[in-house]
Amino acid sequence: MKKEEVPQDKSALANFTREVCYVKNEEGKYETVLSTGWEVKAQALDSAWDEVKERIEEARQAVIRGEKSPIYYFMALKLMDMPVISDYTGIWPFFIKRHQRPSVFRRLSDRVLKKYAKAFEITVEELKNFKG
Amino acid sequence: MDKRFEHLQAAHCENGVTTALLKHRGVDFITEPLAFGIGSGLFYIQIPFLTVNNGPAISFRTMPGAIFARTCKSLGIQVVRKKFSREDQAEAYVDRLVQEGIPVGCQVGVFHLPYFPVEYRFHFNAHNLIVFDREDDRYLVSDPVMETATQLTVSELTKVRFAKGPLAPQGQAYYPIVKIPVDHQIIRSAIIKGIKRNIRDMLHIPGGFAGVNGIKYTAKRVRRWRDKLGARRGGLFLGQIVRMQEEIGTGGGGFRYLYAAFLEQAHAYLQDDELLRISEDFTKAGDMWRHNAVKMAGVYKGRTTEQSDFDEIADRMEEIREVEKSAFKRLSSIKSLK
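Residue numbers (this note's numbering), protein chains in the order written: chain D, 1 to 132; chain E, 1 to 338.
By construction, these hints were calculated from the structure, which means they are not laboratory data.
Be aware that a few hints might be false.
Okay, the calculated beta carbon distance ranges per label pair [stated by the list, open to error]: (1) D:N15 to E:K73: 34 to 44 angstroms; (2) E:K196 to D:R98: 35 to 45 angstroms; (3) E:H204 to D:R65: 34 to 44 angstroms; (4) D:M82 to E:K3: 40 to 50 angstroms; (5) E:D315 to D:T123: 45 to 55 angstroms; (6) D:E57 to E:D273: 57 to 67 angstroms; (7) D:V104 to E:K3: 50 to 60 angstroms; (8) E:P48 to D:E121: 31 to 41 angstroms; (9) D:E126 to E:I177: 27 to 37 angstroms; (10) E:A92 to D:R65: 43 to 53 angstroms; (11) E:D273 to D:M82: 46 to 56 angstroms.
Heads up, the beta-carbon is just placed ideally off N, CA and C, and yes, glycines get one too.
Sequences and hints are given; from them, build the entire structure.
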């Protein structure tokens, strides 16, 4: 990439930082230039977030319909997949899958709920009372 | 503190941490491209059957931690690295080091990193930063992707050092100890070693899903994504490639420009003009990756989503593979490297 071709597009980096790009200068030598972002990858990030938001909304609807427990919703909200939530809570994936069922969730002890609440950075009450 | 630590911005966090820590210890010649190349940082891999953030598990660089470890080792520099199971011990360790005036590298997760834009905060645990001082309840932090030094409270730092999930940092902290001054001869042989190891990783790694063959492996899958996942999800998978390839930390073009810059700087030590010509090949590879990113954007923006578009992207990836393969072959035939 040539120095004059470095994109300076709007991106989520605005007001946080600019990124270092390695580019060829006029003499054909490498140097670094700061860039505010590139439209092409900003759109990749945007579409990834669109999908995340859709998944959160679907999870919320599933809780409202009574098909899933709040654990399922907060996992989506906090972008946590099974390995991540399992590591944060210390609970095995097999049990987490069970805890996503509303009937099992209702019978969980406060001790277990506390582990989830801590991982989701909410209170046990917020977790218990989430209705969608 | 004997010497004030200077914040250094870099393209990639691990290169940046390596460069800044070594510079602080008097290894003045070190630059980001040299750290990247001596650490054999260039790579390609798609881990089969694994998805990360609901996309393919692809990386354009070597595994986390390898660049720092290899670069230091090749330069005869000792590395002290510690893992912790207890948070208070991890805090005390960093406190003691910064009190002695030793800037210390920390592996962290970015999900809870407050100075990152929220759009960038996924559960990614192989980020690196340097803690270089403490003022009351705040650490002074040099994060190589930021333009200036920044700060974290004690609890914020502990939280990101003990992020959980894949590649969990487990409070890891590390710093180099320079015992023998790094002279010209050591640098030369470190560069040669770094290039050779990179040739091995890119050309001769078995399995078919890593090195230059890994690019072909992905290309083959890209052709099937539209049928298997549908145009929309297939597009999201392509978006993940673009992010791994171009996002902050790569220097652009999937680290290929960074490697081209390394070969250019290596030329100053090895004096072989062939290095400059091969540097051009990597610049070309970087440009091709970027052009393909534009094409991939057409898919995830929903403008060009036919099978022929997926095929064209795969075809171009196979062309890139040829360019990189022949570049590494040329590198392996340089006499002065033998």
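Which numbered hints fail: 2, 3, 9
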